[in-house]
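With chain U fixed as given, assemble chain D onto it according to the hints.
Residue numbers (numbering that gives the first Met the number 0), protein chains in the order written: chain U, 0 to 192; chain D, 0 to 232.
No wet-lab data here; the hints were simulated from the structure. You may find that some hints are simply not true.
Subject to a maximum C-alpha distance of 25 Å in a straight line, what follows is the list of computed SDA-like cross-link-like pairs (lysine to any residue) [unchecked claim]:
| # | chain 1 | residue 1 | chain 2 | residue 2 |
| --- | --- | --- | --- | --- |
| 1 | D | Lys107 | U | Ala169 |
| 2 | D | Lys7 | U | Ala169 |
| 3 | D | Lys12 | U | Met85 |
| 4 | D | Lys12 | U | Asn21 |
| 5 | U | Lys19 | D | Arg23 |
| 6 | D | Lys101 | U | Ser74 |
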Amino acid sequence: MTDARIQSDEELVQATLSDKNNYRYIVKRYHDPLLRYVLRLGCKNEEDSEDILQEVFIKTYLNLNDFDPEMKFSSWIYRIAHNETMSHFRKMKIRPQPIEKEEDLLLFELIPDEYDMEKESDKKRITEIIQQALKAIDKKYRDVIVLKYLEERSYEEISDILQKPTGTIATLLNRAKQRLQVEFKKQNIHQIL
Amino acid sequence: MNTEEFGKTIETKINEEQLTPTPRWHFLLKNYVIWSFALLTTFLGSLAVSTIIFILTDHDWDIFHYLDRSLFEHIFISIPYVWLIILMFLVSIVQYNVTHTKRGYRYKTSLVLIGSILFSIIFGGTLFSLGINSEIHELLIEQIPLYKSAIYTKENIWIFPEKGLLSGTIIAINENGFTLLDLNKKIWDVTTPDDTKWENNVILKIGEKIKLIGTQNNIDEFSTFVIRPWNKR
Chain U
0 MTDARIQSDE ELVQATLSDK NNYRYIVKRY HDPLLRYVLR LGCKNEEDSE DILQEVFIKT
60 YLNLNDFDPE MKFSSWIYRI AHNETMSHFR KMKIRPQPIE KEEDLLLFEL IPDEYDMEKE
120 SDKKRITEII QQALKAIDKK YRDVIVLKYL EERSYEEISD ILQKPTGTIA TLLNRAKQRL
180 QVEFKKQNIH QIL
Chain D
0 MNTEEFGKTI ETKINEEQLT PTPRWHFLLK NYVIWSFALL TTFLGSLAVS TIIFILTDHD
60 WDIFHYLDRS LFEHIFISIP YVWLIILMFL VSIVQYNVTH TKRGYRYKTS LVLIGSILFS
120 IIFGGTLFSL GINSEIHELL IEQIPLYKSA IYTKENIWIF PEKGLLSGTI IAINENGFTL
180 LDLNKKIWDV TTPDDTKWEN NVILKIGEKI KLIGTQNNID EFSTFVIRPW NKR
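In isolation and in its complexed conformation, chain U is listed as follows (with noise of 0.2 Å):
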């Protein structure tokens, strides 16, 4: 067995297929940050998650001959657990639920555009305009907007995990933030803010 904190993933991906005991650092390094996604994709239920998540991690070893070294093992694995969660969505007949976490939906200040949540004083009412925003606009909208405000992934990142060109997924991301503008507008945000 290795020390995984002086490993890199393709460090240990590599370790792994030497040795399988060192799968439980690949497990413990992205347990959190895929759990924390798998939720932010929409699956409200703990325990549906760790399904999720356990299907992922099992896909993840089973294929772990197919990563491509030439893009990022965090998107790959990332990509895996999009799909699992999808396919969860598709199996259980379940819709995605809007995000809630109130940390998650501060971050919306990210978004550049002529809004500043930093001014508003009930910041309740625009998490609440927020959620309602993000449940009206489409399912490839909310999944760009995860990756590149959430989990912060960049455009290439983004394009590895959903499988889609980066033009296409620059357009997506576009689009979204001006659906999440005219959702803000319909819900009079600019009068709060």
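Just chain D now, with coordinates in the frame of chain U:
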């Protein structure tokens, strides 16, 4: 479940079910199969393009007035729709395959489609210049009746002696002209006046397949003023 407990659950599952990573060759093979299929489909697309070029270049665009139609109507009827549909189908299969390769998703759909069409045109043009297309097309016409009825080709045009269009194979040569066995296996006595135009170095010999523009004089007599070889090339 905390991270430690979760890690143990995963470890237990891997050990209990004796799970091992799928071998690398499995993924390589899958990727090669997808790429090979994409290449094969592109090659078939090139054959389609080559046949389209053959049909278009071999077509007689100047005889529309003998068929009592406008040039526009003639063009509209003569477009090889079947091959265009086949080409579009093959190109979309290529696109589907490329996007399902390991890094295929990085390419824009429009880019893959345009690339595939361009490649088919270039490679199809090369095949056309090598003359591969005519055999495919003629073989399909002979062997598949459905193909013959779906494609508007010279076989559908040069069978109207009453309109001045006749074709067939020379079976005998005489002083005033020759005897022709037409596409419907009917025998014609063809006269060739002195001012008859012999196009594209057509040779008068037994067994030669030709196209004739002229006038029907009798039930089995035809006077020609233009003779063309059956194939333009």
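Hint check against the structure, violated hint numbers in rising order: Of the numbered hints given earlier, the structure breaks just one, which is hint 2.
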